[in-house]
Amino acid sequence: MFCPISAVPNMAPRELSALEKFLGLKKPHKYSTQGVKKVPVLQINSGPPLVGLGTIACHLVKEAKRPDLLGDSAESRAVVQQWIEHRVTKLDRCRKDDVKTFLKDLDHYLQDMVYLAGNHFTLADILIYYGIHPFMVDMAIHEKEQFINVTRWFDHVQHYPGVQHHLPLVTVLRNRIYTSRHH
Amino acid sequence: MALNLTINTTNPPLGALLAAEHVKDSVKVSVEEGKDTRLHVSDVIQFSDCNSISRYLARVAPALGLYGSNTMEQTEVDHWLEFSAQRLCGNTGLAVALAELDKALSLRTFLVGHSLTLADISVWASLKGHVEWQSQGKSFSHVSRWFFFLNSQVPFSAVGNKYTKKNVPLT
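Chains as they are written, first to last, in my numbering: chain A, 88 to 270; chain B, 99 to 269.
Bear in mind the hints are in silico, worked out from the structure with no lab data behind them. None of the values given here were measured: they were computed from a predicted structure. Heads up, the beta-carbon is just placed ideally off N, CA and C, and yes, glycines get one too. Mixed in with the good hints there might be a few duds.
Pairs of lysine-lysine, PhoX-like flavour, derived with a Cα cap of 25 Å [to be verified]:
1) A/K113 with A/K149
2) A/K149 with A/K114
3) A/K191 with B/K236
4) B/K201 with A/K187
5) B/K260 with A/K191
6) B/K260 with B/K133
7) A/K114 with A/K125
Across the chosen pairs, the derived CB separations fall in these ranges [to be verified]:
8) B/A161 with A/S133: 38 to 44 Å
9) A/G249 with B/S250: 38 to 44 Å
10) A/E172 with B/E180: 44 to 50 Å
11) A/D185 with B/F246: 28 to 34 Å
12) A/H195 with B/S250: 17 to 23 Å
Stretches of chain B that chain A covers, calculated by requiring three or more beta carbons in the stretch to come under 8 Å of a beta carbon on chain A [unchecked claim]:
13) 190-204
14) 238-248
Sequences and hints are given; from them, build the entire structure.
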């Protein structure tokens, strides 16, 4: 059987800890994982356990009283949820060769956007950044230029105060080298 | 130290106004409407050029990083200040300048470093006041994205709405 190359699902507890730090939450939570896919689980004091990266991430954002990170209008809230769902259902299930398709769509989408939800930084940017990091790390310069809008957005997010955390910095040149390349 | 900025309302110095807006929590700057654009620092020191005014304001509030965070970035900021004053103000060569700007912005969210600097402020201000920008903007997608991103940020939208209307009769 083909094993998904993406190591992302195993990374979820680490990502959530990083998110806690970004949000400035003082008390770190303990996460367990569930099933072969290692879905993260958070047991909170009151009520049933929270299951899944997106669900827990949204919970943390609310705990930190940062509702702006979930979007500031009905429309942007929907867009944020859409990208979180994309992350969990599409990106995390991608094999290495499918990732190109995901990145191509993302690149097209980011052509006229600074952030995924338009002009404001949201949780969607953080989670997609975590999700594509393993692929960006391995990319050659000409590949990064193929997805120029993704690369620009990625570089901006990794320099956003407090986001990068445990992840290694991906080198991004600030000017294009392969200017004649079409994509 | 209280600074006083007088602005010419028929040709408002958008860049200087934005710089003043950004530093207002660190430095006291009062803005008045008058005949000529002038930053009054003391009785012997006054600046009348828009770029000189914003440079001075950025320098008295170094913690904001509006002048970049190292010598390299400072030089880049200088480059863009010059670029906005020379290349984006004339009536000719706008398309060439925009193409250059578009290339520079393809891998950047902000012109210099990873946050807002005078470079963004000054180039944005020149484009905002430029008559031809609106008709040519569509062909430069990176410039457009950057321009409208800044447009949506609070000091930019406030200053833009307050002062550009008066610019229209001139054109």
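Results for each hint:
1. A/K113 with A/K149: 14 Å, holds
2. A/K149 with A/K114: Roughly 15 Å between the alpha carbons, so the hint for A/K149 and A/K114 holds.
3. A/K191 with B/K236: 22 Å, holds
4. B/K201 with A/K187: Distance of about 24 Å is within 25 Å: holds.
5. B/K260 with A/K191: 40 Å, violated
6. B/K260 with B/K133: Cα-Cα ~18 Å, so holds.
7. A/K114 with A/K125: 23 Å, holds
8. B/A161 with A/S133: 38 to 44 Å: Roughly 43 Å apart at Cβ, these two residues keep to the hinted range, so it holds.
9. A/G249 with B/S250: 38 to 44 Å: 23 Å, violated
10. A/E172 with B/E180: 44 to 50 Å: 46 Å, holds
11. A/D185 with B/F246: 28 to 34 Å: Between A/D185 and B/F246, where Cβ atoms are some 32 Å apart, the hint holds.
12. A/H195 with B/S250: 17 to 23 Å: Hint holds: Cβ distance 21 Å, inside 17 to 23 Å.
13. 190-204: Holds: 3 residues of the segment 190-204 of chain B have a Cβ under 8 Å from chain A.
14. 238-248: It holds: at least three residues are needed, and the segment 238-248 of chain B offers 6 whose Cβ sits within less than 8 Å of chain A.
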